[in-house]
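2 protein chains.
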Amino acid sequence: MTIEEKFMALGVKNAPGQEVRQKNIDLKNVLTVDIPEGKAVDFSHGDVDAFPPIPGSEDLWSDGFSLGGCQAYTEYRGALDIRQGLAERLGLFTGKPINADSELIITPGTQGALFLALGSTVSNGTKVAIIEPDYFANRKLVHFMGGEIVPIPLSFLGNQNGPDLNILEKAFKDGTKVFVFSTPNNPTGQVYSREAINSICVLASKYDVTVIVDQLYSRMLFSGEEYTHLRSCNNAPENLITIMGPSKTESLSGYRLGVAFGTSTLIDRMERLQAIVSLRAAGYNQAVLRTWLQEPEGWLEDRIAQHEKIRDDILKIFNKANLKTATPQAGSYLFTELPPLITEYSSFIALLRQQAQITVTPGTEFAPSYDNFIRLNFSQDYHAAISAAQRIVLMIDKYKI
Amino acid sequence: MTIEEKFMALGVKNAPGQEVRQKNIDLKNVLTVDIPEGKAVDFSHGDVDAFPPIPGSEDLWSDGFSLGGCQAYTEYRGALDIRQGLAERLGLFTGKPINADSELIITPGTQGALFLALGSTVSNGTKVAIIEPDYFANRKLVHFMGGEIVPIPLSFLGNQNGPDLNILEKAFKDGTKVFVFSTPNNPTGQVYSREAINSICVLASKYDVTVIVDQLYSRMLFSGEEYTHLRSCNNAPENLITIMGPSKTESLSGYRLGVAFGTSTLIDRMERLQAIVSLRAAGYNQAVLRTWLQEPEGWLEDRIAQHEKIRDDILKIFNKANLKTATPQAGSYLFTELPPLITEYSSFIALLRQQAQITVTPGTEFAPSYDNFIRLNFSQDYHAAISAAQRIVLMIDKYKI
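First to last, the protein sequences are chains A and B.
My numbering applies: residue 1 is where the first sequence begins, and numbers increase by one.
My numbering applies: residue 1 is where the second sequence begins, and numbers increase by one.
Be aware that one or more of the hints could be misleading.
A pair holds if it fits inside one copy or across any two, identical chains being indistinguishable in the list.
Said to hold, decoys possible - Simulated crosslink set (DMTMM-like; lysine to aspartate or glutamate; CA at most 25 Å straight-line):
#1 Lys-6 <-> Asp-208
#2 Lys-127 <-> Glu-4
#3 Lys-6 <-> Glu-75
#4 Lys-127 <-> Glu-5
#5 Lys-96 <-> Asp-81
#6 Lys-6 <-> Glu-148
#7 Lys-13 <-> Glu-337
#8 Lys-206 <-> Glu-4
#9 Lys-398 <-> Glu-195
#10 Lys-316 <-> Glu-226
#11 Lys-6 <-> Glu-19
#12 Lys-6 <-> Glu-238
#13 Lys-127 <-> Asp-381
#14 Lys-398 <-> Asp-313
#15 Lys-13 <-> Glu-301
#16 Lys-316 <-> Glu-37
#17 Lys-13 <-> Asp-268
#18 Lys-96 <-> Glu-225
#19 Lys-173 <-> Glu-4
#20 Lys-320 <-> Glu-337
FYI, nobody ran anything at the bench for these hints, they're computed from the structure.
Pulled out of the complex, with its shape left as it was, chain A reads as follows:
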């Protein structure tokens, strides 16, 4: 593979927030539509103006800045005292202790954590099991490292939801060395059941597979749902990295902070890689992690309740319009199936932006075959989100065959 081919597969123009770089889009079958005016909504990522950062994060940042050199130049894996606090709180949250010295690294966002984890476990020819659909960067990362993607289907629209464990076992038998997935799943919001997580543990241990589990959204758990932390299972695999971060639920995205914790030999490799990738998460920003997982009382519950209401009300609108959508058990994503349209799906997505001021992420970002799906991050102003959901229904109505 030439380096040109390698980068062909790393397109970013459809990635969330990058739509501004799309030029000369060829729109097919544009209709004159009469969509009511509404506030522009960018569903490609959460709106941190509607859901602002954890209260006081900027003061913690200033305190970090005031510390000067010791906060600017931390170890590559992050400042020790901050890691100590995080290790304790994350250990409690995930149900198993974490050694702050050897088992945790602070990264530039969860994206940084994923890059380091895959860069530390995947090289030329490594077979990597990837859920379809799942977070778009997983596939791109495997591709960049020279690995080989082994797709594992996820069911999410029926009654028997979950990853196909038979196909997963076959992949492990056939030499897959790494399994990376997100739970809650991005884009569907599915939380893997206790049974699914236990089966993954058993299989990964049996076949000696390294597991990288992205739990970015695990704190935004809706009422009545149960979350199983893979690392707390009795039979968790020996090589395991768990990834979390305060970018989403906590709206700290502007700081680029994430953490990875797990097997110390892998954390050690990740630090070596971090040393040549970007040295460390920005020093002053690391100080903001002091508020994470110990926010003001009631703050998280309130944030979850607000998101749950948006979820429920958009789902009502979509269900009424017969748009198939998985019910997210956690997180803030809706993954919605589009009916057959008179225009290409990619054109429809561009038209949503031009004619209804709505940005969504195409399903193809999450698996090549999901071109008839769109993903919405509903962490938005409530009224803007509801109005935009209604406009999406009107647009689909106009353009459907």
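Starting from the structure of chain A, add chain B where the hints point.
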């Protein structure tokens, strides 16, 4: 090469700031020394408490934070309005215009820029010319990407200083595709002459070699010195990336900010890679770049003068003790040759820390053969630096054969 072997070569325990992770060092021939007490000095990186960030940087950060979502979620290549200001000022500084839309990317530090530049040009088997000595991460990056290092010697202690252009041409003839180097050179502080830069341009154009030039320290230019920007030469190569950043001279290291500018196809690849590495330089931090290259009047001149005085006075101490040291023409590094010692050089460096409270970086970080050299970043409090330089001389005196 297995992934274990790949990571063996990416050790970080000798990297600047990582000394805290060195455990169980086997010290050979420890003497009882009588070194006068002195303030601990960490010469492995600059002291941002002694030389604080550009005045007002934290206010610019707060302004960025107040902007909310649009500053948190910029394009992966950075916020357009910030890129526009940077492109104008960097174009003036380097002597050639830069297109803000297509030719510039904001990165998480210059380390991030180097990673993206090499990741975008080096893959399995790519031959990469590397200066010896030069910034340690260059070699590690080539190694991680699966490239092959072609070493090019740099003379720096005599009268005929500069890269060996004959060996460079031979390397280009023999299929080297990428040439990466720093000017001013890290660790020697050598500024490549106009003649050397012109020759590099001619050779790179003739053999179609991509050039990545790290100009991180080019603003800290001492009196009487002249700096040649490669990109402003008439015969600059078609594929060229210039890297700069406000981490050093400007002490903005705690923000992790850098920039790369040059050939748009390469900048485009770098953005694709950034999308899977860490998305973007932390959004709020990008706002601090608004002050860069337009600092308060006299600020830069004053900072240069203060560093020049430290350079001159340490050089006097080292010269008097017959320690061979290149005179840095720019930047804040001193690269000093140690005489034969009764202990291993690595042990001596550990002893400097234990017995004289002085941290330096071993020469082996800059090329395998430079084990008898140490690098000092002299961007330190003046009195602490002078006292520490005197203690280094005393320690060498004790331990020399």
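> Which hint numbers does the structure go against, in order from smallest to largest?
Replying inline: 9, 13 and 15
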